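Sequences listed follow chains A and B, in order.
Taking this note's numbering, the leading residue of the first sequence gets 1, the next gets one more, and so forth.
Taking this note's numbering, the leading residue of the second sequence gets 1, the next gets one more, and so forth.
No lab work stands behind these hints, which were simulated from the structure alone.
Any given hint could be a false lead.
Covered stretches of chain A, going by a simulated chain B footprint (3 or more residues, C-beta under 8 Å) [what the hints assert, rightly or not]:
| # | stretch |
| --- | --- |
| 1 | 15-24 |
| 2 | 45-57 |
Cβ pair distances, simulated, as ranges [said to hold, decoys possible]:
| # | chain 1 | residue 1 | chain 2 | residue 2 | range |
| --- | --- | --- | --- | --- | --- |
| 3 | A | Lys32 | B | Arg27 | 22 to 32 Å |
| 4 | A | Ala43 | B | Gly220 | 52 to 62 Å |
| 5 | A | Asp6 | B | Asp360 | 37 to 47 Å |
| 6 | A | Val9 | B | Gly397 | 26 to 36 Å |
| 7 | B | Arg345 | A | Lys32 | 25 to 35 Å |
| 8 | A | Ser30 | B | Glu251 | 16 to 26 Å |
| 9 | A | Ala43 | B | Pro123 | 50 to 60 Å |
| 10 | B | Gly146 | A | Val9 | 30 to 40 Å |
| 11 | B | Asp170 | A | Val37 | 24 to 34 Å |
| 12 | B | Asp76 | A | Ser30 | 14 to 24 Å |
| 13 | B | Asp170 | A | Lys32 | 25 to 35 Å |
| 14 | A | Asp46 | B | Thr58 | 28 to 38 Å |
| 15 | A | Lys32 | B | Pro69 | 24 to 34 Å |
Pulled from the structure, derived: some chain B residues nowhere near chain A, Cβ distances all over 10 Å [unchecked claim]:
| # | residue |
| --- | --- |
| 16 | Ala5 |
| 17 | Pro48 |
| 18 | Pro145 |
| 19 | Ala286 |
| 20 | Ala376 |
Predicted, not measured: the structure shown is a model, and the values here were computed from it.
Virtual Cβ for every residue (Gly too), placed ideally from N, Cα, C.
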Amino acid sequence: MKVSVDQSVCREYANCIVEAPDVFDLEEDSGKVVALVVEPDPAQFDEVHAAAAACPVRAITLHE
Amino acid sequence: MSTAAGAHVVVVGGGLVAATLTRELRRLGHTGPITIVSDEAEVPYDRPPLSKQVLAGTVTPEETRLLKPADLEDLDVTLRLEQPAAGLNPVAREVELADGGRLGYDVLVVATGSRARRLPTVPELSGVHHLRSLDDATAIAEALPGVRRLVVIGAGFIGLEVAAVARNRDIEVTVVETAARPLSRVLGEDAGEVVIELHEERGVEVRCSATVVEVRGADGVEGVLLDGGEFLPADLLLVGVGAVPNTEWLEGSGIEIDNGVVCDDRGRTSLPHVYAAGDVARWRNALTGAHARAEQWQSALEQASVVADAVTGGGRVWDTVPYFWSDQYDRKLQFCGAAGPVSERRDTARGPVVLFGDGDEQLVGVLTVGNPRALAQGRRLVAAGTAWPQAQEWLAGL
Ligand SMILES: Cc1cc2nc3c(=O)[nH]c(=O)nc-3n(C[C@H](O)[C@H](O)[C@H](O)COP(=O)(O)OP(=O)(O)OC[C@H]3O[C@@H](n4cnc5c(N)ncnc54)[C@H](O)[C@@H]3O)c2cc1C
Ligand code: SF4
């Protein structure tokens with residue numbers, strides 16, 4: 001699985017971080033989402049799915 | 001109660017639950033027909049932006065759509081708009097529509113959400129608004145440029161968000177709240193203080209322990225009279241005093257209703273083949289044991305996904321710590337878990353953090369302002385059942 005984020009869409013809800021704090025974070029300056037891990041571990045798949053689903057603006061895309 | 005992949009799933013109510021459920025059912029391999037029945041004219045849309053970005057003009061109504069035209073095709077879902085459901089016959093397994101039609105189902109998901117509570121003291125004058133639907137938001141957005149004074153009845157999240165948007169436009173804003181502190185039903189009294197500060201710093205007047213006894217106006221609203229005898233002039237009045245679940249159409253069906261459709265931790269109702277989720281439902285949370293109507297975006301999303309799992313034969317339960325966010329001014333207010341009898345506040349460099357504990361010395365909830373990372377950590381600590389002293393240590397280190 002590969003994770004990509006679209007900062008131009010991100011509205012800083014931070015829902016993704018609440019679901020998967022080890023995979024997503026907000027950039028200090030812009031406040032926009034960054035992926036800390038591009039290819040998450042299979043053990044993280046569930047929370048990555050939850051994070052992508054929890055983003056109201058669908059700024060997170062998963063390539064499976 | 002698992003169901004064949006080809007079963008006809010009918011969702012009554014076309015909001016967040018309907019959109020999420022449809023996506024999840026298809027992701028999990030459900031091949032049967034899916035029909036969404038909604039009383040609205042719009043395809044399912046997202047409500048949180050309505051009291052925030054849509055009012056501020058930074059998000060258009062189209063951008064709130066949860067299912068874009070391409071999704072409707074990809075997901076192969078039938079939308080029956082402007083079709084209020086009027087009844088349910090669980091024996092014939094049919095939904096009765098207001099126009100007299102009937103719609104058969106193999107699996108029914110009740111997702112009719114809730115509606116803004118009306119106050120008997122508030123007449124339907126021009127300038128009086130409630131906020132639940134896209135139409136409501138559009139009407140308020142259109143009125144705002146001509147507004148000089150806004151009075152908000154009820155210091156709930158929606159009222160406070162509208163107050164923030166109006167204040168950013170230099171409108172004079174007064175919030176009238178009957179309770180001693182805002183949001184006390186959700187957050188308890190101490191955390192209400194944090195919220196008052198946020199608004200008072202920006203020049204909103206927050207009147208707690210005050211009640212509107214009369215709304216005055218002839219053609220349009222002119223102001224409100226408080227129980228203390230004071231008159232507050234207003235050219236827009238927003239009533240934000242909570243929501244009531246849309247369960248009337250289920251009366252007579254035999255389904256158990258008690259402040260919402262009563263559900264277990266997988267969304268099953270008292271009737272076979274009938275699930276409920278979202279604002280209309282009162283689920284049991286398997287983690288906290290609480291049995292409450294969540295009225296939160298994240299909970300509606302999670303419940304829809306648990307129901308999709310149940311319908312496709314899975315065994316998941318709803319066991320996550322409930323979570324809520326709100327945008328007020330440039331700050332993000334986030335809350336997870338529950339408010340407890342014990343609370344402790346600390347003002348970190350980013351903003352205030354409030355911890356809530358129960359009588360057994362356990363962390364049960366966290367409120368943060370402008371600190372999503374702390375909220376994320378806090379939510380994990382709540383889920384892990386962290387003891388109060390450890391939680392206090394964590395707070396001290398923030
Ligand atoms: C203005 C506003 C701002 C919000 N902001 C936040 C926020 O910042 N954070 C957060 O966590 N939550 C927020 N929420 C709450 C969140 O939006 C809801 O929890 C969520 O929408 C619930 O989804 P639902 O599908 O259960 O109900 P809804 O989205 O309300 O959908 C229910 C649908 O059913 C339809 N319906 C009702 N009766 C019938 C009938 N008899 N027949 C057919 N259709 C019917 C309704 O018209 C509606 O379309 C907000 C809500 C509002 C109104
Ligand atoms: S949930 Fe979506 S909008 Fe929010 S921070 Fe994450 S990516 Fe951005």
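* **Hints not upheld, ascending by number** => 8, 11, 12, 17, 20
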